[in-house]
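Residue strings, one per chain:
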Amino acid sequence: QQQVKQSPQSLIVQKGGISIINCAYENTAFDYFPWYQQFPGKGPALLIAIRPDVSEKKEGRFTISFNKSAKQFSLHIMDSQPGDSATYFCAARPDSNYQLIWGAGTKLIIKP
Amino acid sequence: EADIYQTPRYLVIGTGKKITLECSQTMGHDKMYWYQQDPGMELHLIHYSYGVNSTEKGDLSSESTVSRIRTEHFPLTLESARPSHTSQYLCASSELRAGSGELFFGEGSRLTVL
Numbered sequence: 136q137q138q139v140k141q142s143p144q145s146l147i148v149q150k151g152g153i154s155i156i157n158c159a160y161e162n163t164a165f166d167y168f169p170w171y172q173q174f175p176g177k178g179p180a181l182l183i184a185i186r187p188d189v190s191e192k193k194e195g196r197f198t199i200s201f202n203k204s205a206k207q208f209s210l211h212i213m214d215s216q217p218g219d220s221a222t223y224f225c226a227a228r229p230d231s232n233y234q235l236i237w238g239a240g241t242k243l244i245i246k247p
Numbered sequence: 006e007a008d009i010y011q012t013p014r015y016l017v018i019g020t021g022k023k024i025t026l027e028c029s030q031t032m033g034h035d036k037m038y039w040y041q042q043d044p045g046m047e048l049h050l051i052h053y054s055y056g057v058n059s060t061e062k063g064d065l066s067s068e069s070t071v072s073r074i075r076t077e078h079f080p081l082t083l084e085s086a087r088p089s090h091t092s093q094y095l096c097a098s099s100e101l102r103a104g105s106g107e108l109f110f111g112e113g114s115r116l117t118v119l
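These protein sequence lines map, in sequence, to chains L and B.
Going by this note's numbering, the first residue of the first sequence is number 136, and it counts up by one from there.
Going by this note's numbering, the first residue of the second sequence is number 6, and it counts up by one from there.
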């Protein structure tokens, strides 16, 4: 069964710290790994995404680290800010004809 | 900014009523989706469409139905609402072409069935 396991379920980080959210997958045919950010009362929005041919992608304070052999990928938020407080979802896709497989989400709280 | 709109944003309705949640997008996307989500919880795909006259059931069984008569419009209907249908319903769209994976979500319709 295709699954994406996300951890932790919730995370509290001090302002300025590093937030790390992890995801693990089983299907080696996944070809696209996005992270979505959702604020209360809003729909999720794409934050950053990576394909399995690279090990890291950085956009501003947000970085995806990808470990193909371990079948794991993680989101790192550097210099975390209170405005980063949201729920984060990882996802994976078998190929472009299939739907995303979603992680269960991580509620991130950044304490001022 | 995503141009995908959902109405109503909030709906409180009695058991047995028929409801339709509207979703429209102005991006010309072929793919559209409906997800069910309890607040802050996991996303469950209940319906999707590859284009006009195409509808498929998602991973989570749902008593709702959808239609896709126009590219930009993907309404979801519950013929007889029950308290178990209380949830948030999120509509999304994406391009059909290979290599593009970004989903654009609406702000959701929060349904409460009394």
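Hints in this document: simulated from the structure, not taken from any laboratory.
No experiment lies behind these values; they were computed from the predicted model shown.
Be careful, since some hints might not be right.
[Stated by the list, open to error] Label-pair ranges, simulated between beta-carbon atoms:
(1) 13/B x 214/L: 22 to 28 Å
(2) 203/L x 15/B: 28 to 34 Å
(3) 204/L x 21/B: 52 to 58 Å
(4) 149/L x 87/B: 40 to 46 Å
(5) 149/L x 58/B: 35 to 41 Å
(6) 186/L x 61/B: 42 to 48 Å
(7) 18/B x 214/L: 40 to 46 Å
(8) 17/B x 218/L: 29 to 35 Å
(9) 203/L x 107/B: 37 to 43 Å
(10) 117/B x 203/L: 33 to 39 Å
(11) 20/B x 140/L: 17 to 23 Å
(12) 88/B x 195/L: 27 to 33 Å
For every residue, glycine included, the Cβ atom is placed at its ideal position computed from N, Cα and C.
Against the structure, the hints:
1. 13/B x 214/L: 22 to 28 Å: This hint is violated: roughly 39 Å between Cβ atoms.
2. 203/L x 15/B: 28 to 34 Å: violated, 43 Å
3. 204/L x 21/B: 52 to 58 Å: Holds - the Cβ-Cβ distance for residue 204/L and residue 21/B, about 54 Å, lies within 52 to 58 Å.
4. 149/L x 87/B: 40 to 46 Å: holds, 44 Å
5. 149/L x 58/B: 35 to 41 Å: violated, 53 Å
6. 186/L x 61/B: 42 to 48 Å: violated, 25 Å
7. 18/B x 214/L: 40 to 46 Å: With a Cβ separation near 45 Å, residue 18/B and residue 214/L satisfy 40 to 46 Å, so the hint holds.
8. 17/B x 218/L: 29 to 35 Å: holds, 31 Å
9. 203/L x 107/B: 37 to 43 Å: violated, 22 Å
10. 117/B x 203/L: 33 to 39 Å: Violated - the Cβ-Cβ distance for residue 117/B and residue 203/L, about 44 Å, lies outside 33 to 39 Å.
11. 20/B x 140/L: 17 to 23 Å: violated, 36 Å
12. 88/B x 195/L: 27 to 33 Å: Once the Cβ atoms are compared, 43 Å apart, the range 27 to 33 Å for residue 195/L and residue 88/B is violated.
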